[in-house]
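A.B. asks: For the sequence shown, the positions run 1 to 148 when the numbering used here is used.
Worth flagging that the hints you see were computed from the coordinates, not collected in a lab. Note that the structure is a prediction, hence the values are computed from the model and not measured. Every residue, glycine too, gets a C-beta built ideally from N, C-alpha and C. Treat each hint with caution, since some may be false.
Unchecked claim - Estimated spans, in silico, between C-beta atoms of each pair: (1) P69 to G125: 39 to 47 Å; (2) D129 to E44: 34 to 42 Å; (3) G39 to R92: 15 to 23 Å; (4) M1 to E57: 41 to 49 Å; (5) D129 to E101: 34 to 42 Å; (6) V40 to R100: 25 to 33 Å; (7) V82 to D129: 17 to 25 Å; (8) R72 to R100: 30 to 38 Å; (9) R21 to M112: 17 to 25 Å; (10) T121 to R48: 38 to 46 Å; (11) T29 to G81: 18 to 26 Å; (12) K77 to R110: 14 to 22 Å; (13) E84 to R48: 32 to 40 Å; (14) G125 to G39: 16 to 24 Å.
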Amino acid sequence: MPAPMIIGWRERVSFPDWGIRGVRAKIDTGARTSALHVGVIEPEVDGRIRFEVVVREQPRPVHAWVEAPVVREGVVKPHAGVREVRPVVLARVRIGPFEREIEVNLVCRRGMTCRMLVGRTALEGLLIDPTRIRLLTPPRPRPQGGSS
């Protein structure tokens with residue numbers, strides 16, 4: 001049996017089918033389902049939903065429009081305690097070499113540092129090191145300037 005992959009408490013997530021890379025995500029074992037920050041959700045038509053994924057706002061905004069089938073409406077009780085009904089879609093996610101299709105609920109996470117929460121149903125087979133970040137998605141090296 002191969003050793004499980006170890007991930008940090010914060011990683012970068014990509015959505016290869018949607019052409020989206022580098023979404024900052026918090027690994028959240030307290031949440032059952034994963035949640036993705038969206039700016040706009042258009043009404044469901046024929047079981048499909050169109051939404052705007054907000055990858056980042058700074059230093060320059062990066063947004064992407066996605067259309068996907070709705071698999072269900074999820075009832076979520078956020079930290080504030082008021083139950084919300086959110087659309088849930090299936091998404092293939094990649095965290096470094098780890099890839100899996102997961103359920104993701106769509107929500108406005110404006111003001112949050114991480115644009116995505118990766119819930120425990122997406123984490124099967126992974127170990128989390130709560131003292132480290134970006135173990136599977138290390139930062140790209142910064143360009144080094146030459147000396148004059």
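A.B. asks: Check the following: the C-beta atoms of G39 and R92 are separated by a distance inside 15 to 23 Å.
C.D. replies: For R92 against G39, whose Cβ atoms are near 22 Å apart, the range 15 to 23 Å holds.
A.B. asks: Cβ-Cβ distance between G125 and G39: within 16 to 24 Å?
C.D. replies: Roughly 32 Å apart at Cβ, these two residues miss the hinted range, so it is violated.
A.B. asks: Is 34 to 42 Å right for how far apart the beta carbons of D129 and E101 are?
C.D. replies: 24 Å Cβ-Cβ, so the 34 to 42 Å window is violated.
A.B. asks: Holds or violated: the 17 to 25 Å window for the beta-carbon distance between V82 and D129?
C.D. replies: violated, 33 Å
A.B. asks: Using the C-beta atoms of T29 and G81, is the stated range 18 to 26 Å upheld?
C.D. replies: holds, 20 Å
A.B. asks: Is it true that T121 and R48 lie within 38 to 46 Å of each other by Cβ?
C.D. replies: Roughly 23 Å apart at Cβ, these two residues miss the hinted range, so it is violated.
A.B. asks: Does 41 to 49 Å hold as the CB distance between M1 and E57, or does it fail?
C.D. replies: With a Cβ separation near 42 Å, M1 and E57 satisfy 41 to 49 Å, so the hint holds.
A.B. asks: 39 to 47 Å was suggested as the range; check whether the CB atoms of P69 and G125 agree with it.
C.D. replies: Roughly 26 Å apart at Cβ, these two residues miss the hinted range, so it is violated.
A.B. asks: I want to verify a distance hint. Is the separation of the beta carbons of E84 and R48 within 32 to 40 Å?
C.D. replies: violated, 21 Å
A.B. asks: Does the Cβ-Cβ separation between K77 and R110 fall within 14 to 22 Å?
C.D. replies: Hint holds: Cβ distance 19 Å, inside 14 to 22 Å.
A.B. asks: That 34 to 42 Å hint for D129 and E44 (C-beta), does it hold up?
C.D. replies: Check passed, 39 Å falls within 34 to 42 Å.
A.B. asks: Between R72 and R100, does the C-beta distance stay in 30 to 38 Å?
C.D. replies: violated, 18 Å
Of the numbered hints listed earlier, those contradicted by the structure are 1, 5, 7, 8, 10, 13 and 14.
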